[in-house]
Structure formats: structure tokens, C-alpha cells
Amino acid sequence: MVVVANLLRRLDQAGFAGDAEDGIGARQVASTDNSIYQVRPAAIVYPRTGDDVTLLVRTLADTGLSLTPRGGNTGTNGQSLNDGIIVDFARHMRGIGAFDPDTNTVTVEPGVVLDQLNAFLKPHGRFFPPMVSTASRATIGGMVATDASGKGSRRWGKTSDYIVALDVTLSDGTPWRAEPMTRADAEAIAAGSGIVADIHREALRIVTDRTDDIAATFPEMNRGLTGYNLQKTWDAPADRFFLGFLLAGSEGTLAITRSITLRVAHKPKKRALAVIRYAAFDTAMRDVQRLISADPVAIEILDDKVLGVARSDIIWASVEGLLGSGGDGPVAAMNFVEFTADDDATIDAGLATLAAIGPQGDMRIIRDDAAIGQLWTLREKSVGLLARLGGARQGIPFVEDTAVPPEKLADFVAEFRALLDGHGLNYGMFGHADVGCLHVRPFLDLRDPAQAALIRPISDAVAQLTKSYGGLLWGEHGRGYRGEFSPLFFGNLYPELQALKAAFDPHNRLNPGKLAAPAGQVIDRIDGVPLRGEADRHIDAVRSEDFDRAVACNGNGACFAWDSLDVMCPSYKATRDRAQSPKGRASLLRAWARLDSIERPTPAEAAERDALAADTQASLATCLSCKACTTLCPVKVDVPTMKSRFAERYWAKRARPLRHRLIAQMESMLAAARALPGIANRVAGSDRAQAMLERRLGYVDLPAFAVADPRTLPPIASPAAIKALSPEARANTVVLVEDSFTASFDGPLAAAAGRVLTACGYDVLRLPPRSNGKVLHLLGMRDRFARIARKRMAEVRALADLGVRLAGLDAATALMFTQEFAEMTGDSVDVAGLETVLADAVRQGRIAATAATLPPQRLLGHCTEQALRPQALSLWAETLAGFGITAAPTKTGCCGMAGLFGHEAANQKLSRDIFALSWSQVTQDDAMLATGFSCRCQTKRLTGRRPLHPVELIDRVLAG
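Be aware that the sequence shown starts at 0, since it is given in numbering that gives the first Met the number 0, and climbs by one per residue.
Do not take every clue at face value.
What the hints assert, rightly or not - Straight-line alpha carbon distances no greater than 25 angstroms define the calculated PhoX-like cross-link-like pairs of lysine-lysine that follow:
1. Lys-652 to Lys-722
2. Lys-939 to Lys-908
3. Lys-121 to Lys-908
4. Lys-890 to Lys-266
5. Lys-231 to Lys-466
6. Lys-407 to Lys-466
7. Lys-635 to Lys-652
8. Lys-269 to Lys-890
To be verified - Restraint-style ranges between C-beta atoms, simulated for each label pair:
9. Leu-724 to Gln-923: 45 to 51 angstroms
10. Asp-609 to Asp-686: 38 to 44 angstroms
11. Gly-697 to Asp-444: 42 to 48 angstroms
Bear in mind the hints are in silico, worked out from the structure with no lab data behind them. The model shown is predicted, which means the values in this text are computed figures rather than measured ones. For each residue, glycine too, the CB sits at the ideal point set by N, CA and C.
All chains should be modelled from the sequences, with the hints used to inform the complete structure.
Structure follows, in C-alpha cells:
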């Protein structure tokens with residue numbers, strides 16, 4: 000597209016400091032959010048500064064292209080989708096200014112994430128109150144754009160209530176600061192000329208001439224009519240005129256935000272949560288109005304659909320005991336009722352009032368802060384969980400944030416449910432019951448044209464239903480493509496919205512098609528925008544099955560989480576490149592699979608398919624296969640498995656590089672090297688060999704071989720020998736399942752594990768290292784990998800069926816028996832973590848009390864272990880305590896090694912950047928223990944210090 004190329008060239012020549020992308024892959028990744036829509040933009044730009052924003056707007060003026068700002072990319076109604084230029088603030092504009100304790104204010108750039116801001120404010124005892132469920136990735140700019148609120152809004156209000164000033168760039172490139180002013184000051188500006196004067200003149204006219212209409216149109220409820228909020232723009236009693244209320248909720252249709260000055264609040268020091276279970280959803284809903292009189296900060300409701308899917312989520316293990324077993328009957332709904340204060344007495348009083356009211360369900364009180372946090376995490380996952388129902392239908396957003404006066408909510412919901420029931424649909428419900436805002440997700444498969452056709456009649460009916468109850472179709476998520484319903488809710492004020500749009504953006508260049516358009520121009524209709532399902536229905540059955548998790552990705556964006564200590568997704572965290580995230584990779588795979596399904600593509604289709612294949616391969620090349628997306632993503636978008644399947648297809652049509660062919664033989668070569676480790680080290684460690692490895696194969700910093708003396712290792716296990724044992728002896732037998740990597744480079748670890756297990760009274764055997772084929776799986780050599788998987792699974796299954804216990808030394812390879820091997824064989828064997836066996840030994844009193852004189856240790860977990868065995872570090876801490884060693888699980892993300900990934904020359908910067916995110920801070924001294932071989936190798940490589948494996952430290956303590 001010549002006009003786009005010219006724009007990007009002119010930006011570069013003018014000194015634009017940010018990034019820009021117009022490749023097919025980047026545009027595909029940017030074409031979706033958390034909505035049902037898919038719109039591919041012309042390009043994406045990533046400004047670094049406010050000056051970049053202004054330069055962009057000015058440079059764009061004569062191109063005919065539109066600009067659409069984007070924050071966290073979690074919009075549920077296409078708010079930041081458009082076919083022009085997307086301005087993505089999340090990559091670079093994430094700066095936070097100094098906090099002013101005298102005014103309780105802070106200035107932030109629009110790409111700052113809510114959790115990031117609250118982490119910054121925490122030492123000051125403050126927080127930014129709007130508590131959206133996507134706080135881990137929702138940006139402040141995006142929250143301003145939709146005037147977001149969330150949990151606790153009955154007390155804390157919404158984003159616009161905290162805006163002190165907005166620094167924006169107007170549609171003609173004029174920088175402007177919107178802040179409160181007197182009527183006289185506003186009139187003085189309006190008397191001038193230029194776009195700022197035009198805006199003030201038009202706004203003053205409307206709030207003056209249409210006062211009665213504004214009062215009649217805007218509902219008096221917590222979730223008011225957002226987007227062009229005329230109700231609050233002019234406060235006559237206070238003599239305050241503030242256009243920030245117009246800009247908040249305008250979704251980038253009026254101006255582009257450069258920075259935001261916010262008022263923040265004192266953070267309550269205490270909290271308690273009442274969890275109330277109900278046998279019927281309607282009972283829970285109607286109980287809310289009774290519970291509100293206890294004046295909690297929030298009441299959130301969850302239905303049985305959310306709770307049912309949550310049982311398959313990784314978080315369930317940590318919350319199941321808090322929610323109760325449900326033994327007294329089925330639980331159809333729960334209300335979470337939260338109280339916050341600075342002292343226990345105030346919370347006690349609130350809980351006492353709640354008890355006196357007598358909830359119509361059984362109640363338990365949670366006061367542990369960490370436990371409360373886990374329960375709220377469960378609630379926050381609701382959006383994603385409803386996309387994981389199994390089968391083709393997912394809970395999808397399009398009528399998902401209706402709001403009505405709270406006292407009418409139960410009756411409204413009854414009619415809403417009858418409406419959906421009439422269409423024969425299932426659905427999930429959850430949300431902010433205390434303020435009348437409910438999230439409803441009908442279960443549809445939009446790949447089916449008949450089901451996609453239901454979007455229009457259901458939307459129309461729900462819009463009319465909410466209107467009849469004095470409510471709104473959009474209660475907190477903004478309008479997006481639902482802007483076509485603006486005339487229904489704004490009535491005769493809608494032409495004034497058009498007039499405001501014309502004053503701010505006379506050429507309709509800012510996020511056109513949304514909310515309002517200048518008179519004579521149109522806005523988009525919900526059935527006039529391409530649906531993601533329309534594209535996905537052209538993926539054939541084979542590819543739909545192979546890449547089903549890519550198709551299932553609903554764009555909830557959990558993989559965009561800000562916190563570097565969050566395990567998912569290391570490549571995204573280090574680059575802030577959405578193409579290097581599970582969502583981005585899923586989007587690329589979907590688009591490629593659609594085109595690859597075409598048997599006889601046109602030249603244009605073939606060219607687009609090949610370009611997408613190249614971009615997909617580049618994106619997947621930076622995936623560390625940590626598997627965090629398989630559990631931490633609410634939809635379980637399993638990128639490593641799809642990466643392997645894609646590689647198989649990709650390389651079937653291309654010549655593999657020499658490196659692939661050689662490393663496919665790596666495990667055979669390791670076996671040979673283990674026989675002569677000294678010679679192998681001398682050869683591989685020579686300067687000539689190192690140079691050849693880097694030049695020809697692209698590998699650097701490979702570890703030296705460290706093989707155990709066979710005399711120190713436990714005896715080799717055999718089915719015949721185990722069969723000869725009594726049942727009691729088998730139950731007391733532990734078989735260590737060695738892997739080729741640990742055996743080759745950290746061999747003495749198996750000997751240490753054997754000694755420790757023996758000290759615990761176990762009879763210890765070992766299964767010697769075999770090829771596990773992990774590299775073959777990564778490279779997509781799936782036929783060869785399948786043969787290895789069958790052999791390994793058969794060998795381990797034979798031992799497991801004899802009643803012995805199997806334990807692995809390294810989580811990444813031990814978990815293959817329930818992951819990669821299981822995928823290929825249909826069987827699954829639990830090769831437990833060593834920590835599980837040793838923790839049992841401690842609990843059973845198998846060891847004598849020990850008092851080790853060691854400094855407290857930090858426990859550092861392998862990222863795959865953290866994702867698939869979240870209790871592992873706690874079990875290690877329990878085990879170590881049994882041996883007199885104090886150790887605390889320390890939260891980290893990925894270390895950046897991931898097998899061979901960190902040794903590839905092409906990955907050096909990314910590997911080191913990932914290590915710097917969380918590992919560099921916790922590896923500054925020797926008081927650390929690391930469970931993963933890759934982690935120990937990476938730490939030694941980058942710090943010069945090799946952490947011990949926990950079992951090595953125990954072995955040393957036992958040896959005295």
C-alpha cells in the first residue's frame with residue numbers, strides 16, 4: 000500500500016522515535032482484540048513520546064488514513080479495531096511520573112498498565128481505585144478511553160472520577176491540555192479561533208441549551224451513560240467546566256491521549272471476603288439487594304457455568320478448599336461480598352451486619368489476604384474461562400456488560416435469560432451485581448453462519464430490554480461497534496454528539512465508525528464488520544483440529560500481563576511485541592491455517608499464505624516452549640504443541656538447515672560423549688570447536704559434560720527384578736527416571752538424589768537416560784518423535800504398573816510423560832517430581848530432625864514446573880524444612896535458557912533480556928537453590944554462580 004509506505008517513510012524522515020510495522024503478520028496480529036470482530040489495519044505505529052504522537056497526527060493529515068489508539072488490546076467490542084493506522088501505546092509509552100503526596104496525584108503515559116501503576120503506588124499506601132478484571136494488562140489510556148470501572152465501583156466510582164488533566168493531541172495536530180476551569184475561562188477560550196475554540200464553543204452551547212434534555216437522558220445510576228458524558232462536563236453549582244468528561248469514554252474518537260494526570264486514593268489496609276453459596280442463581284441475584292445494606296465495597300456474582308469450568312483451571316487447587324466441597328448439594332451461584340477498611344473493628348462490624356441480614360445461602364468468611372487474592376483471581380478469569388467449555392461453542396461478548404438500576408437487576412436478568420432461552424442458547428453470567436452490571440456470555444460458534452446470524456436479533460432485543468428497564472447496553476466496556484445503538488439511548492441528544500465529533504474531528508479521522516460521526520457520515524453497524532468466525536470457518540477439518548487452541552483463543556490478553564514475575568509469556572515480556580505472545584501466535588496460526596487449507600490457491604492467496612508462514616515461523620522461533628500458556632491462559636492456548644505441528648508442515652515443503660539435521664542426532668551424540676566425558680570436553684571445549692559450533696550450527700556457551708561415576712548411582716531398574724519384590728517392597732521402591740540432559744551435564748545430581756532417598760528409607764533404583772526426543776518435537780520431526788514416545792512410555796508404563804513410584808530429576812523432561820508423550824501415545828504416566836516423594840517422607844517421619852546451620856535459601860523454580868506443578872516450590876520448602884534448612888519459594892518468571900534456546904546465537908539478546916526481567920535480581924549471591932537444569936546452567940553462564948539443586952544441599956547436610 001503506497002500511501003502507508005509513504006507515511007512511514009515521512010515519519011522516519013521527520014524524526015519519529017518509535018517503531019512502525021506494515022507487514023502482513025503484524026497486521027494480522029493487530030486485527031483482533033477480545034471481541035468477535037476481525038479487522039486488519041493498514042499499519043501499526045508504536046510511539047515513544049508525546050511528541051511522536053503529535054508528529055504522527057500532523058504527518059497523517061494529508062494521507063486520507065485514519066488513526067485509532069490502542070492500549071491493552073482487551074476491548075470486547077472492537078473499540079480499537081480499524082482499517083487505518085493503529086497507534087499502540089503499550090510497547091513504549093509506559094512511563095510513570097513522580098507521585099505528589101500533597102495533592103495525591105501522579106502523571107502517567109497511556110501505555111502504563113493498571114497493575115504496574117498500583118505496584119508503583121503501593122509503597123506510598125495509595126492505589127488507583129477502578130479495579131478492572133484485566134488489571135494485569137489493561138492500560139490507563141484504555142481505561143480512560145472506555146471510562147472503565149470494575150469491582151467496587153459503588154464506592155470507588157470510575158476512571159473519569161479520578162482524572163485531573165489530560166494532555167492530548169487534537170485531530171489537526173494541536174497539543175492541548177484538558178483540565179477543569181471556570182465557565183468564564185471556558186468562554187474566553189471559546190471567543191478565540193482555531194480548533195480549541197471551536198471545541199469549547201460547541202460544548203458550551205450544548206451544556207447550556209440542552210440542560211433539561213441532558214438531565215432526562217442520562218440515567219441516575221452508578222453505571223451511567225459513558226462516552227461523550229455531557230452530564231458531568233458542566234457542573235454549575237461548582238462553576239467547573241471540564242472537557243475531560245467528554246474525552247473519558249470517547250474511545251479515541253475525539254483526540255489522542257499523550258499523558259494523564261490522575262488523583263489516587265488511600266489504599267485500605269484490611270479486607271475480608273464473605274463467600275456465599277446458593278442453590279439457585281435467581282436466589283443469589285435477589286439476595287444482592289438485601290446484602291447491600293451491610294455496605295460492602297463490592298458484591299460480585301458467579302454462576303454455575305463459570306464455577307464448573309473453573310474446576311479445570313490451574314487456580315482451582317488453591318481455592319477449592321475456600322469455596323467448599325459442595326457436598327450439601329449443587330451450587331448454582333456464588334456471591335463474593337468484600338469489606339475493606341483500615342482496621343479490623345470496621346470490618347468486623349460489616350461482617351456482623353451481613354450475618355444479621357442472614358444471606359439466603361451458606362456463608363464462609365475469608366480473612367487471609369493471599370486467599371482473598373486467589374479468589375478474586377478466579378473471578379477475574381471468568382471472561383477467559385467461558386471460552387473453555389469444550390466443543391465448538393464459546394461464551395462470547397456482544398451483550399456482555401448490560402447495566403440497569405440495581406433494584407431492577409433480578410427482574411431484568413429473568414427476562415434476559417428468557418430471551419436467550421427462547422433462542423435455545425446456553426450462557427454464562429457473572430459480574431458486578433451490587434451496581435446492576437452483569438456480564439452475560441451466550442455460547443455460540445460463530446463459524447456457523449446460522450449462529451453468527453443470531454448476533455443481530457439478540458443485540459436488538461437486549462438493547463430494547465435494557466432501555467425498557469432504564470438501563471444501558473454498555474455498562475462498563477465501552478461501545479465500540481455497538482455505537483449504532485447510540486441514537487436509541489441518547490435520543491434527541493444524538494445530533495449533539497455528532498456536533499461534538501465534528502468540532503473535535505471535522506474530517507472524521509480519529510477511530511471513525513465508532514460512537515458518533517459528523518452529520519452526513521455513518522458509523523459502523525455490528526453486522527457490517529467482519530467476524531473472526533467468518534475467517535475461521537474456512538479452515539479445513541484437519542487443521543481446525545490440529546490448531547484448535549489457536550481457533551479457541553478469544554483474545555482475553557492474559558498473556559500480555561505486565562508483571563515480569565508472571566511466568567507467561569517470557570518472549571512477550573522481554574520484547575513487548577504482541578506477535579511474540581500466545582495471542583499473537585494464535586492469530587498468525589489461524590490466518591495461516593485458513594490459507595493453507597485452500598487446495599488451489601490463487602497467486603495472491605499463495606503469496607499471502609507464504610508471507611504469513613514466514614511471519615508465523617519467525618514468531619514461533621522465539622517461543623521458549625515453557626508451557627505456561629497451556630495452564631495460565633484461561634483458554635489454554637497450547638503454543639508449544641501447535642508450534643511442533645506447524646513446524647512439521649512448514650518444513651515438509653522446505654529444505655531443513657544443516658543445524659536441524661545435526662541436533663536431531665544430539666541425544667545419540669550425548670550418549671557417546673557420556674562414555675568418554677573427558678575426551679568430549681577437550682574436543683568440544685577447544686577454540687576451534689567452539690568457533691565451528693557458532694559458525695556452522697549457531698550455538699554458543701554449551702555446557703561442559705559432567706557425568707556421574709557409575710559406582711555412585713543407584714542400581715538399574717528392571718521389570719523382572721521388581722516383579723520379584725513383595726508388594727510392600729514395591730510400595731517402598733522409588734525409581735529415578737534419568738534424562739539425557741541432566742545425565743550428560745549434571746550427572747552427579749542423580750547420585751545425590753539416590754543418597755537422599757536412601758536416607759529416607761526408600762529402596763532406590765534408576766531408569767538410565769534414554770533419548771526423550773524433545774528436540775525432535777520442537778523441530779516438528781513428529782514421526783521420529785512418536786517412535787521415541789512409544790518406546791519411552793512403554794518402558795515407564797511397565798514399571799508403573801508394578802506398583803513402584805517413579806520420580807524425575809528435571810521437571811521439563813519428567814512432565815513429558817503427561818504432556819508430549821501422552822499426546823503421541825494416548826497414555827499418561829505420572830513421573831512425580833522429586834519434591835513430592837521427599838515431602839511425603841518428611842510427613843511420614845522417615846527422617847530424624849536435623850538442625851542445619853545454613854543461611855536462608857531462595858527457592859527458584861523452572862518455568863515449566865511453575866506452570867504445570869504450581870505446588871512444587873512449596874513442597875520443596877516443606878522438604879527442606881524437614882532437613883533443618885530454611886528456604887522460601889521466590890517468585891520468578893523464565894530464566895531465558897529453555898533447553899537449547901539460550902544457547903542459540905540468534906537468541907542471545909532475548910535470552911539475556913529474559914534473565915534480566917526477574918532472575919538477575921535473585922541470583923546476586925549463593926543463597927539460592929534452582930530446581931531446573933536450564934536455570935542452573937543459565938545462572939552459571941550469566942552470573943558465574945551455579946545454584947545448587949535442592950537435593951544437592953540436602954545431600955550435603957546429611958553428609959555433615
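Here is how each hint holds up against the structure:
Pair hint Lys-652 plus Lys-722 does not hold up; C-alpha atoms about 49 angstroms apart against a cutoff of 25 angstroms. The hinted pair formed by Lys-939 and Lys-908 meets the criterion: a straight-line CA distance of about 17 angstroms does not exceed 25 angstroms. For the suggested pair Lys-121 and Lys-908, the alpha carbons sit about 32 angstroms apart, so the restraint of at most 25 angstroms is broken. Restraint check for Lys-890 and Lys-266: satisfied, since their Cα atoms lie roughly 24 angstroms apart, inside the 25 angstroms limit.
The straight-line distance between the Cα atoms of Lys-231 and Lys-466 is roughly 21 angstroms, inside the 25 angstroms bound, and the hint therefore holds. With a C-alpha separation of about 12 angstroms, the suggested pairing of Lys-407 with Lys-466 holds against the 25 angstroms cut-off. A threshold of 25 angstroms between alpha carbons decides the hint, and for Lys-635 with Lys-652 the separation of about 29 angstroms lies outside it, so the pair is violated. The hinted pair formed by Lys-269 and Lys-890 meets the criterion: a straight-line CA distance of about 24 angstroms does not exceed 25 angstroms.
About 48 angstroms separates the C-beta atoms of Leu-724 and Gln-923, a value consistent with the hinted range of 45 to 51 angstroms. As the Cβ distance of Asp-609 to Asp-686 is approximately 41 angstroms, the hint placing it in 38 to 44 angstroms holds. Distance hint for Gly-697 and Asp-444: a CB-CB separation of about 43 angstroms, consistent with the stated range 42 to 48 angstroms.
Consistency with the previously given hints fails for numbers 1, 3 and 7, ordered from lowest to highest.
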